[in-house]
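There are 2 protein chains.
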Amino acid sequence: MLRGYGWTPYFVEGHEPEPMHQAMAAALDTAVEKIKEIRQNARVRGNIARPRWPMIVLNSPKGWTGPKVVDGLQIEGTFRSHQVPLSDPASHPEHLKLLEDWLKSYRPQELFDAQGRLKAELAELAPKGERRMGANPHANGGILLRDLRMPDFRDYAAAVPAPGVRGIGDTHVLGPFLRDVAKLNSEQRNFRVFGPDETLSNGLEALFKVTNRQWDAATVANDEFLAPAGRVMEMLSEHQCEGWLEGYLLTGRHGLFNCYEAFIHIVDSMFNQHAKWLKVTSGLPWRRKIASLNYLLASHVWRQDHNGFTHQDPGFIDHVVNKKAGVVRVYLPPDANCLLSVMDHCLRSRHYVNVVVAGKHPAPQWLTMDAAVKHCAEGIGIWQWASNDQGVRPDVVMACCGDVPTLETLAAVSIMRERLPDLKIRVVNVVDLMKLQPQTEHPHGLSDTDFDELFTKDKPVIFAFHAYPWLIHRLTYRRANHDNIHVRGYKEEGTITTPFDMTVLNDLDRFHLVMDTIDRVPRTGEKGIYLKQQLKDKLIEHKQYIDKNGEDLPEIRNWQWGASRQ
Amino acid sequence: MLRGYGWTPYFVEGHEPEPMHQAMAAALDTAVEKIKEIRQNARVRGNIARPRWPMIVLNSPKGWTGPKVVDGLQIEGTFRSHQVPLSDPASHPEHLKLLEDWLKSYRPQELFDAQGRLKAELAELAPKGERRMGANPHANGGILLRDLRMPDFRDYAAAVPAPGVRGIGDTHVLGPFLRDVAKLNSEQRNFRVFGPDETLSNGLEALFKVTNRQWDAATVANDEFLAPAGRVMEMLSEHQCEGWLEGYLLTGRHGLFNCYEAFIHIVDSMFNQHAKWLKVTSGLPWRRKIASLNYLLASHVWRQDHNGFTHQDPGFIDHVVNKKAGVVRVYLPPDANCLLSVMDHCLRSRHYVNVVVAGKHPAPQWLTMDAAVKHCAEGIGIWQWASNDQGVRPDVVMACCGDVPTLETLAAVSIMRERLPDLKIRVVNVVDLMKLQPQTEHPHGLSDTDFDELFTKDKPVIFAFHAYPWLIHRLTYRRANHDNIHVRGYKEEGTITTPFDMTVLNDLDRFHLVMDTIDRVPRTGEKGIYLKQQLKDKLIEHKQYIDKNGEDLPEIRNWQWGASRQ
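From first to last, the protein sequence lines are chains U and L.
Sequential numbering from 1 applies to the first sequence in the numbering used here.
Sequential numbering from 1 applies to the second sequence in the numbering used here.
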């Protein structure tokens with residue numbers, strides 16, 4: 001089986017310590033020889049065919065050299081030597097004796113002097129400096145970490161002459177930026193992009209202008225972007241991608257994992273361990289900080305039109321925010337310029353897990369690069385150009401977080417500003433999800449004063465959220481206005497349908513958001529009640545139209561911010 | 001590699017449809033022959049050595065018989081045939097032509113009559129009844145599902161002469177019940193227990209009195225409980241256990257997956273797909289319900305004393321409750337009799353995912369079997385024997401959910417009843433976590449009236465919770481008294497330490513719970529302030545003691561409910 005996987009295994013097998021030490025040393029010598037040969041072969045003779053790397057299989061007794069027999073049962077070499085072979089020596093004198101014999105078998109009198117110090121001649125046997133295993137700089141990768149050479153992300157901006165212009169898909173704008181990060185760091189060879197065969201389908205095709213997928217297996221006609229050296233690592237295994245990236249970061253390099261949002265749950269447990277490692281090591285003074293573990297979750301819940309229900313799960317961020325606040329960050333940029341700004345920030349950061357959720361489909365763009373930089377630096381803010389409560393108290397706060405919820409919120413706002421022009425509306429957009437938490441809970445958290453200024457202390461907040469709606473409640477339950485926050489998000493309703501219908505199925509669509517507002521703002525009065533009836537009718541029209549045409553209503557597909565007011 | 005895994009592979013390779021059909025038919029015949037031979041060998045000749053099962057490897061072009069070349073690029077046999085090989089035929093006449101040619105290559109005129117109906121002579125080629133692939137009863141397992149023969153779980157009760165007696169470890173009490181479920185159903189062969197090598201370490205050793213681990217590989221001296229046929233399936237792969245169990249349930253059988261709580265996250269993504277399948281199929285009238293997917297999460301966050309931080313993650317239930325309420329259930333029985341009652345219920349249930357969190361370490365027992373049955377049927381309730389607010393309004397509600405939080409809550413109550421005897425305390429225990437949600441959100445949810453009666457509308461609630469504390473807020477944020485609910489739970493603080501210190505690190509211990517109460521109930525007055533100071537001192541004493549002795553203070557280890565009042 002191991003040969004089938006492409007290794008050349010060397011077996012070290014036995015149970016007598018002395019010959020086993022010799023056998024192991026010989027196997028290591030052979031393996032190192034083989035590795036040198038392979039390198040020589042590639043570097044000098046240019047033979048880059050996939051080599052059979054050596055591997056060593058050590059087959060020794062479990063619990064080797066520990067207690068042999070305890071209470072009449074064989075321990076050494078059996079499952080019973082797992083964990084603690086001798087129970088409670090304090091109350092079992094015969095166990096205490098076995099423990100003593102065992103420890104004395106290491107002959108401490110030969111290793112330590114009368115003061116209990118390791119004998120100098122033995123201490124000298126250890127290698128010096130970085131040749132010590134515990135001082136290998138690859139085991140404290142922050143020592144080796146060099147800053148990425150970064151292009152100016154502003155140079156990749158999408159042109160936004162007015163809010164609402166159609167974009168090409170946010171990750172497609174990010175692609176050229178990542179391409180140039182790869183290019184600028186090709187010499188220092190310390191940046192890689194990992195993913196489960198989705199670099200193209202997540203919209204990052206620009207990377208292949210300057211690099212390839214690293215691939216040393218056979219190629220066939222029509223293969224594309226495969227080469228023995230490349231900065232993109234692909235395998236349809238989220239586990240493999242996560243493992244590769246963690247190892248790459250831990251040894252002092254930088255990287256990004258792009259993945260379908262739903263399937264990143266595959267590595268929940270691996271993320272857990274990395275986050276725990278970050279938390280613990282950030283308290284160890286000798287540990288240097290490493291580059292952050294960056295996730296780009298493109299291909300998200302709202303645009304799984306042809307994949308359907310199986311591909312819809314925005315819950316990775318719920319999982320992430322359970323980990324220690326000091327090491328986790330979650331960003332939901334509403335458009336391409338915000339995505340650029342956020343990604344620039346994440347790639348420069350240290351010792352965090354950054355989760356970035358972004359879309360790949362053509363979608364409206366809201367902010368110029370200047371505005372995006374400010375918005376992302378603040379992490380949350382009022383979009384004044386979309387609001388009409390300047391100088392007065394708002395009747396309602398329309399909050400949004402995520403690209404699709406932002407689109408639906410702005411579409412809802414445009415309906416209300418046209419149909420209920422007296423209504424004073426404030427639009428708040430959230431990029432940095434952790435802003436919602438109290439300062440006591442997360443270092444990014446807004447102060448209560450700042451939060452109350454944005455969301456008011458007593459007005460209804462209609463919050464359109466990218467993921468499961470209760471996450472917003474979990475983050476905001478301590479805020480003064482929490483009882484007025486009404487959240488719409490993904491509630492596990494989905495199928496293969498149109499993009500807009502996905503929002504309708506989960507009550508996140510513009511019409512539901514308007515109806516929610518009418519329900520919560522009594523002063524919309526009779527006008528509101530009539531509008532609500534019309535929107536209900538519109539939802540039925542929507543269902544009938546998509547059943548017949550297989551695509552969304554033209555007024556949905558072609559809706560543009562501000563169009564009706566020009 | 002495939003041979004290394006133990007298979008005998010048969011290769012069907014080529015690109016010409018006609019010979020490939022023949023080759024596939026021949027390979028299938030051979031494989032079926034081999035399977036029959038292996039069975040014969042085992043059943044008639046008694047040769048139960050591990051066989052080399054046949055497997056078929058089909059190596060055919062990707063996109064086979066689809067469009068060969070589109071826009072000058074090779075499609076058939078390349079990565080480009082993935083998903084949609086022809087884009088938008090409506091606006092590309094040349095793509096429309098290719099699509100037409102492709103579809104016509106199936107010669108529909110030979111398959112359908114003038115009315116577009118499948119020709120009768122072709123329809124007759126299909127097998128009849130259950131021999132049709134789509135009507136195979138194993139693909140609609142509910143058809144094959146037979147009720148488990150269940151022993152009376154009351155017969156396995158732990159004796160609880162008074163609340164607080166020491167138990168042997170709750171899962172150790174469950175073991176004999178599961179043993180007899182296995183025994184009673186050995187003839188119908190429709191019950192299995194799955195786990196990643198943890199059946200023993202999760203306290204279910206009783207199973208091996210009547211059955212074994214199913215194992216057809218080699219055995220060595222000192223192996224235990226391995227046999228060619230057994231109802232326990234073990235492999236140190238949570239993925240494998242989950243996959244086995246899902247397949248077992250989907251084909252009409254019953255089972256239980258026992259796992260360390262932290263590592264069940266390994267199957268988050270697999271759970272997702274099963275929960276989605278349950279949700280969708282529960283709406284399909286022809287789909288029969290299958291047995292529930294039962295998780296027993298023993299070895300939980302609070303008792304990872306020697307494993308430490310890596311083994312602490314109670315977040316699987318956060319993940320589970322994101323799925324549709326109709327199919328998920330979460331139980332945290334506080335003692336062994338409750339665990340028996342809950343498990344009996346879960347094993348009888350249909351088409352749910354049931355998560356049961358239980359301890360395996362010796363721990364106090366609270367309820368007699370009669371009381372446990374009532375408590376679990378209600379799912380939540382006031383423990384009158386621990387409360388002293390009978391006939392008056394409580395000053396504080398001490399709520400608890402999970403075995404360790406229940407212990408700490410009752411210890412806190414005992415301190416307060418002794419030291420602050422005027423304080424009116426109500427103790428509420430939660431077994432069925434979904435009771436906390438509104439009725440509109442989960443079918444188990446309490447009505448607001450019932451919730452308000454238990455938790456009051458205006459009194460402080462000190463809630464000691466097994467898992468991440470914010471989950472309680474996420475479940476209760478719509479309740480009238482939500483702002484008064486103060487939750488303690490696991491907040492990602494842990495290391496290798498004593499059991500009690502784990503609760504101290506997370507402010508869930510009895511002393512913190514008392515101090516939380518004093519902070520929130522002003523009428524504890526000067527007495528409260530002095531008590532708080534003493535408890536702070538006690539916490540320092542605790543730290544000093546465990547640093548020196550490596551175990552908890554005697555007054556913690558030996559604490560017993562009611563002892564001080566007798």
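One thing to keep in mind: the hints can contain errors.
Put simply, identical chains are the same to the list, so a pair is met inside one copy or across any two.
[Stated by the list, open to error] Restricting the straight-line Cα-Cα distance to at most 30 Å, the calculated cross-link-like pairs of lysine-lysine (BS3-like) are:
hint: 1; residue 1: Lys324; residue 2: Lys538
hint: 2; residue 1: Lys279; residue 2: Lys536
hint: 3; residue 1: Lys424; residue 2: Lys36
hint: 4; residue 1: Lys532; residue 2: Lys548
Rather than coming from a laboratory, the hints here were simulated on the basis of the structure.
Point to revise | Unmet hints by their number, sorted upward, for this structure | key: 3
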